[in-house]
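2 protein chains.
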Amino acid sequence: MKDTIRIGILGLGVVGSGTVALLQKNRVSIEKKIGAKIEITKIAVRDLNKKRLVTVDRGLLTNHCEEVLDNPENDLICELIGGVSPAKDYVLHALRNGKHVVTANKELIAKEGHDLLHEAMRRRLDFQFEGSVGGGIPIIQPMKNALGGNEIQEIMGIVNGTTNYILTRMTHEGAEFNDVLEDAKAKGYAETDPSSDIEGYDAQYKIAILSSIAFTSQVNVNDVYVEGITHITRRDIQCAQELGYTIKLLGIANRIGEDQMQVRVHPTLLPSEHPLASTNDVYNAIFVRGDAVGDVMFYGRGAGMMPTGSAVVGDIMDVGRNILFGSTGRISCTCFQQRRMASMDLVETKYYIRMIVIDRPKVLAAIAGVLGDHQVSIESVVQKAHLNDNAEIIWVTHKTKEKNLRSALESIRELSVVLSIENFLRVEE
Amino acid sequence: MKDTIRIGILGLGVVGSGTVALLQKNRVSIEKKIGAKIEITKIAVRDLNKKRLVTVDRGLLTNHCEEVLDNPENDLICELIGGVSPAKDYVLHALRNGKHVVTANKELIAKEGHDLLHEAMRRRLDFQFEGSVGGGIPIIQPMKNALGGNEIQEIMGIVNGTTNYILTRMTHEGAEFNDVLEDAKAKGYAETDPSSDIEGYDAQYKIAILSSIAFTSQVNVNDVYVEGITHITRRDIQCAQELGYTIKLLGIANRIGEDQMQVRVHPTLLPSEHPLASTNDVYNAIFVRGDAVGDVMFYGRGAGMMPTGSAVVGDIMDVGRNILFGSTGRISCTCFQQRRMASMDLVETKYYIRMIVIDRPKVLAAIAGVLGDHQVSIESVVQKAHLNDNAEIIWVTHKTKEKNLRSALESIRELSVVLSIENFLRVEE
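Sequence order for the protein chains is X and F.
Position 238 (the first sequence) corresponds to 238 in the working numbering; numbering is contiguous.
Position 54 (the second sequence) corresponds to 1054 in the working numbering; numbering is contiguous.
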């Protein structure tokens, strides 16, 4: 039997460093668990002289990625550079060289995962990506393995740590979005260009990956509705709290009937006693509802050097075992169905609407009338005094179709007594 | 390649029925996921005429377990009868016949798992038991796979649904233990003989299984300290709440240094904002702390027909894949270390102590003095009027060794002013 698994690594940033550090620290037990030695043959980096988060023998580093990709000794390539280009080319190159691949690259998997998985499947190679969602939280392997007997009906999760950190601080400190964002940048919790996080794209990649697995159907990431948190104000958070809700950025995926699904990312009002509502700071939590298992939740740190390193090393061990037992390709692409993405118009949920109106008799009744005309019925309404003798009205509707709500809002905007619709947000129970 | 996985099942009670029902309901997708058909050849039951929770062809049933165990067509035997005898003999018989085994039998795994796993390992057979802990919650596979790169430092979990249901109702309704227990029996949430649950033995089996995997060392279930919930009173729950704590029955396992561990089950005061404190009713939740991943939590229904069936079917699919790829025995016993169980004397935690004393000047000071003499320092103390002009004193200590606390309590019991020590419980942060 083969006695050593040889790994070439592309990238020694945060995740690469965590992976290498963990393989160093727990080498003895990891090797005992899989029954073979693990050897890192080379690590390709852009800058040989950059200071690293982990101590590695200088001789292990190269700035020629071919030395990793084309080394016939390697069994397995870890792609830890991120982004689609040139990562996709490197992964394809590795697969075509007959190498198994482990990655934590959510953008690559969300955008190109289907093609790459099929390339791997044709060659009976392993291609794994546990670290692409939820950092070190086991979620992809459990959905494919332990929960494999279930039809997954719904996934609902906090899958982006940066936005959860910002919303948590806005909630706890009563602070405005921009102030917290600037502080988060200064502290390293948000990137200099934070748009991928705050516009919801990072969460969009992750819910696309999770829903593809859950619904055994390829999800085109561009079909996933996305709305970030830049329009969430301190005032919305405060109004939500008064109504017993906490605002979280959620990825939500629902199975609809036999051949449809609905996948979306948006800020959501959750009842404050909901377990996701108390998932704070950079923590992630993912609810999965299966037809047999019911609700299960997975919770933990959604990012970071060592947590994501933990996921990558778990994948390396899994692929290593497959190599040793000759069972690579054991679990490959599971998207054997084709589901259509249902339009957002069909989403049926409760809504929170906050608007500023001229404070005059019968205004509230007039707006309520327009909502009713569009089949939107009202669960609760609060009217408050606002600046300049205007009034602020906060509505929570009963469940209604997004289409009805949007057409109601269009009509309401035309009312001369309505000065502005400040925000409208979806509400989950 | 083999195109059918043939399964013989022992037992068609709650878990057996859930397993069969799930294999019936999701047959198409399960077979697509593993790439082979799944066929149940026979189900051995004690009583052919008993009414079942699932509809099965009468011809599938037999009351001769040899028809399951000795059928050469079977690839895999599911042992779903529970208990050690005769389950152990049946499992050994199956393994010696070269059959893979899946079980959800916590008592069997906790008491005999080591021997059975070694028997399976010698024959390169799979022997899996995801359903033995936490019902349908994926926890054993993730610890062996996705979290495999970690040294697990601590596990802390609510692993028994019946006691969690009882404690939740005592907390929410201010009810006494016996009243809730009787009602739970009437509703089917507790068994007619509830001792395995309320005395903590069920939790003891489960934390023994989890800690064996986490610490890669066989844990002798008899070495696991166990204390049930029968001594928890409405008054203790009320006092804990006033101090900001919720009482939960926890299984706790800690790694101590290189070669020791501490594994125990007891009621515990948890800060009310702790995620485990809001795990209510029959739900289970398990915290795992790894050196790389940090804290992760797994939450869901800890028992029941379909949740446990979900775990069994997940194992069947995993073994099925191994059979198809010739990789059985891929993950076998991981207890390659020998850790000693540290004495309970060495447990170091905070304690809650409730006592009734004669209400006389200097009594509190005298007791505090005795605690101090035994190196037990006090975090908070509340004295309240009690019946007959006596007083009730509730202490919460700083962290101290169990040994010190127990010797302090012995000395305190000898004080003539102390009428009774009503309870003492451990407090986690």
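Honestly, the hints are just simulated from the structure, not real lab data.
Accuracy of the hints is not assured; some may be wrong.
Cβ-to-Cβ under 7 Å is the rule here; a few derived chain F residues that face chain X [to be verified]:
no. : residue
1   : Lys-1032
2   : Lys-1037
3   : Pro-1142
4   : Glu-1151
5   : Arg-1289
6   : Val-1293
7   : Ser-1310
8   : Asp-1318
9   : Phe-1325
Since this is a predicted model, take the numbers as computed values, not measurements.
Every residue, glycine too, gets a C-beta built ideally from N, C-alpha and C.
Q: Check each numbered hint from earlier against the structure, then list the numbers of those it violates in ascending order.
A: 2, 5
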